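**Q** Listed below are the residues making up each chain.
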Amino acid sequence: MFWSKLWFFVVAIAAAVAVTLALLMPRPAQRARVVEERQRLVVACDVVSILLSENARTRVELAGTFARAPEMIGALEQASGAQAITDAASRAARDAGGRLIGSVEGARPDFAILIDRKGRVLARVGVDESDFGDVLAGRPLVDDALAGYLRDDLWIEKGRLFLVSAAPVVRRDPSVAYTGAVVLGHALTKELTDKLVGSLDVDIGFYVGSDVVASSATVVLDDEALAKALPHQGDVRRDCAANPPFNLRAGKEDYTAVVARLPGEAEQKGAFYTVFIEKPRAIGFAGTLGAVRQNDLSFGSFPWVLVGVGLVLVLGIGMVLMVLEADRPLRRLAADTVKLAKGEAERLAEDDHHGKFGSIARSVNIAIDKLSREAKAARKDLDQLLGPAPEGSLGAADLIGTALPVARPGGSQPAFAPPPPSEFRFGDKGGSGAKPAPRSIPVPAIEDLDLGPARPAPAIAATPKTPPPRPPGPPPRPPVPGTGTPPPGGPPRGRAIDDDILSVDESAEISNVGVEPGSADEEAYFRGVFDDFLALKAKCGEASGGVTFPKFADKLRKNRDELVARTGCRQVKFTVYVKDGKAALKATPVKQSA
Amino acid sequence: MAHVSIGAAALAIAVVAVPAAAHAGTVAGKIDLPPGGGGALEKRGRGFLDRSENPILPVRGFDPLPYMVVVLVPKDGAAPAGAPRQVSWDLIGESFDHPVLPVVAGTSVIIKNRGRSSPVLRATQDPQLIQPGPINPTGAKELKATGGPLITIVDPGSPHLVGRLLVAPSPYFALADGSGRFEIGDVPEGSYTVRVWFRDDWVKRDEETVAVRGKAEVNPKIPPGFLAPAAATK
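Sequence order for the protein chains is A and B. Counted the way the working numbering counts, the first sequence spans residues 1 to 594. Counted the way the working numbering counts, the second sequence spans residues 1001 to 1234.
None of these hints come from the bench; they were simulated from the model. Misleading hints may appear alongside valid ones.
[What the hints assert, rightly or not] These stretches of chain A come out as covered by chain B in the derived footprint (C-beta under 8 angstroms, 3 or more residues):
| no. | stretch |
| --- | --- |
| 1 | 55-61 |
| 2 | 144-153 |
| 3 | 251-259 |
| 4 | 265-275 |
The structure presented is a predicted model; accordingly, all values stated were derived computationally and were not measured. Ideal Cβ positions, reconstructed from N, Cα and C, are used throughout, including at glycine.
Generate the whole structure from the sequences, applying the supplied hints.
**A** In C-alpha cells, the structure reads:
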C-alpha cells in the first residue's frame, strides 16, 4: 500500500497545486492587465498631447494665413499710424476678419483679434465685437506676435478654454515692417475632445481648477482627487510620463486616470486635462472561467491530447498500484481464509502476505494460538479433574491439541499431532491414531470426553503415540435422529459443527438434549451423564478409577461454559459413546433449545 | 510693452516733485545701451509648441527702455524729500501704461483701469497696500507709496500683468523715451550721482557724477549683461 499511498499523495498534491494555480493565476493576470491599462493610459495621454500639438501647429499656420491676408495688413497698417482707433476702422477690420473666418475650411476659429503695432485692439471678430481700442500688449502671446514670433497659447476667457494662436502681421510694401498681429481662438469643445480620443478608447476631460470645461464623457470625476494628483512643478510636457496613473471614483464607478497640466496662460490658472478609463475589474477565477471562449477549448488552442494522456497515465498508475498492493494481496488473503475456513489449512501463511495483509494473517494466527492455549488449559483442567489419560490415550492434551496449529510460521513445530478439533478424550492418547485432518475452525464444536481410568498426566509436549489395542467396545448403537451423537471413532475429520450436531451417533444416547445452564435439572442431567459414562466404561471393561460425580459435574459445567462462551450456543449436550473400544464423552453445543 | 505710454513720452518726461529752485538746472541725455540692446525678447510661457520666428522679417528684440528710470542722487546725501502728491497710473488692458513708475515716498498713486478686465491687484511687498477686491473697468484704486524702493503690483489671476513702483531716493528722476532720451528739470545746482533703475533693481555700473549748473548733459552707459539678474522676470 505504500506506493498507492504515495501516489495518492502525489496526485493530491498535484491537484492542490493545480487548484492553487487556477485560483492564483487570475491575480497576476489582473495585475498585468492593470499595468497594461495604466500604460495604455499614459500612452493615450501622450498621444493626446501630440494631437494637441499637431492641432496647435495647424492653428498657428492658420493664424499665419490670416496675417498674410492683404486686408489684414492694410487695416492694421492704417490703425498703427492713427492716434486713436475709430469705430469705422474697427468695423471695416471686423468685416474683413469675418470674411476670412468664413472662408476657413475645417475647424473655424471662434474668434479673431486684430492688434495694431502698438498693441491696441483694432477689431474683434466672433467675441465682444463692439470692444476695440483696448491694449492687449502685455500678454505673452501678443507680445511675441508683435515681436515677430508665431506661437500658440491657451487662454481662459469667461470660463471657457480657448486654444489661441497668433502670428505677426508684416507689411511688405513699400518696406517690410511689422504692423501688428492676428490672434485666433478655438474654443475647446466636446467635439474636439471626442476627436482627440476617438481612436484611443479612453475618455478625456479638460478642467480649469475644479470646473469641467469640456469632456468626452458625462461622468463627473472626483475633482479633489484630480487636484491632489495634479503636479505643480516640472516640465509640463513631461506630465503624462512623470505622473503615475491613479484611481478615483465617479459616482459608484472606479476609474483610473492620469492628469497633465495644460501649458501657457491656462497653466497659471490651474488648467489641466485628464485621460481616464474605467478601472479594470477584478476578474478572479470565476471571471477567468467566464472569459473563456469556445475557441480557447479547441484542439488548436488547448493541449487536449496532453491532458488526456496525463489523465490516463495518472489513472493507470493508480489502478496498477491498487491492483498490485491491494486487490491481489486481498484476493490472496481471501483465498487463504477460505482455505482456512474449509479446513484445508490450519493457519494463514503469514509469509505469503505482506504489509497490512500480513498483519491480518498474523493477527488471525495469534487468535488461533490463543484459542489453542485456552483449549489446552481446559484439557489440563480435565486431566486434573479426571486424572491422567491411560497409556495410549492423549488425555487432556487431546483437547488442547485440537486447537494448536500444526506448525506456526517462524515458530516451532507442535509437540504432537493434534487430534480432530471436535473431540477429545481421556485415556486415549492420540485418539484414533489417524492423522487428524486440518480443521477450519479451531474451536472444538464437539468434544469427546474420554473419561478413562486415572493415569498420570501426559506431558503436553509429548509426542503422540499410537494407541494400544483396545478391548472391544459395546456394539454401536443405532443412530438416534437429532441426538447428534457421533459415530464410534469420533466424528469424521473435517466436519463442521453443524455436521457434528446433526450427525447420527452410533453410541448410546444418554441424553437427548442438554439443560439450561444453572437450571434445576442440570444436576440431574449431569448425574445421568455420569451414570451413563460409568456404565459405558464398565461395559468396555474399563475401570472407573477415582472419578467422582462432583468432579465430573464440575468438569462438565466448566466444559459447558467454555463451549457456550466460544460458540455462543445456549445449551450443551453431553453424550457418551464408545470409541476405539473405550468410553468417551462428547460435548455438543446446541444452538436452539429443544 | 507699454507702447502707448512710451509714445506719449516721446519727449523726455521729467517727473519732478520738488518746488523749482532759484538756481535750478536741467539734466538731459540719452541712455547708452550696450550693443544688442536688450537682446532677444525673453520667452514667457509656451503653448503646445515653442514659438517660432516669422520667415519674413527678423524678430524684434526686447526693449528695456520702458523699464528704465534715471535718478539723480545728490552727492552730499541730503536730498529733499519732495512734496508728496497724487499721480495717476493707468491700467490699459493687459499692462500698465508705465511698466515702471517712479514716485517719491508718500506719493498717492491712483490706479485707473482703462481696460476691459477686472484685475485683482496686490502689492507683493505689502499685501495691505492696496485695498482688496477687483478694479472694475473704468474703476480706480489708490495706494500710498511707502517703503520701497520697489513696490511690485501684480494680478495673481493674470501673471503677465505686473507693474512696478519705484520709490526713488530723490525727487530728481525721469523716464526715457523710446529712443532712450530723458530730461530732468528743476534740478538744484550741485553735484549728483547718476543712477539708473532697471525693472527690479539698480543697474550696476561705475559711479557717474554730474555737476548741475544750468543745463547739463549726461549719457548713462549701461554695461553689457545688465539684464542678467532680472532677465528671467518681467
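**Q** Confirm or reject the coverage of the stretch 251-259 of chain A by chain B under the rule of 3 or more residues with a beta carbon closer than 8 angstroms to the chain's beta carbons.
**A** violated (count 0)
**Q** Cut-off 8 angstroms, C-beta pairs, minimum 3 residues; does the coverage of the stretch 144-153 of chain A by chain B stand?
**A** holds (count 9)
**Q** Cut-off 8 angstroms, C-beta pairs, minimum 3 residues; does the coverage of the stretch 55-61 of chain A by chain B stand?
**A** Since three or more residues must qualify, the claim that chain B covers the stretch 55-61 of chain A holds, with 4 doing so at under 8 angstroms.
**Q** Within the assertion that chain B covers the stretch 265-275 of chain A, do at least three residues meet a Cβ-to-Cβ distance smaller than 8 angstroms?
**A** It holds: at least three residues are needed, and the stretch 265-275 of chain A offers 4 whose Cβ sits within less than 8 angstroms of chain B.
The structure is inconsistent with hint 3 alone, although it conforms to all the rest.
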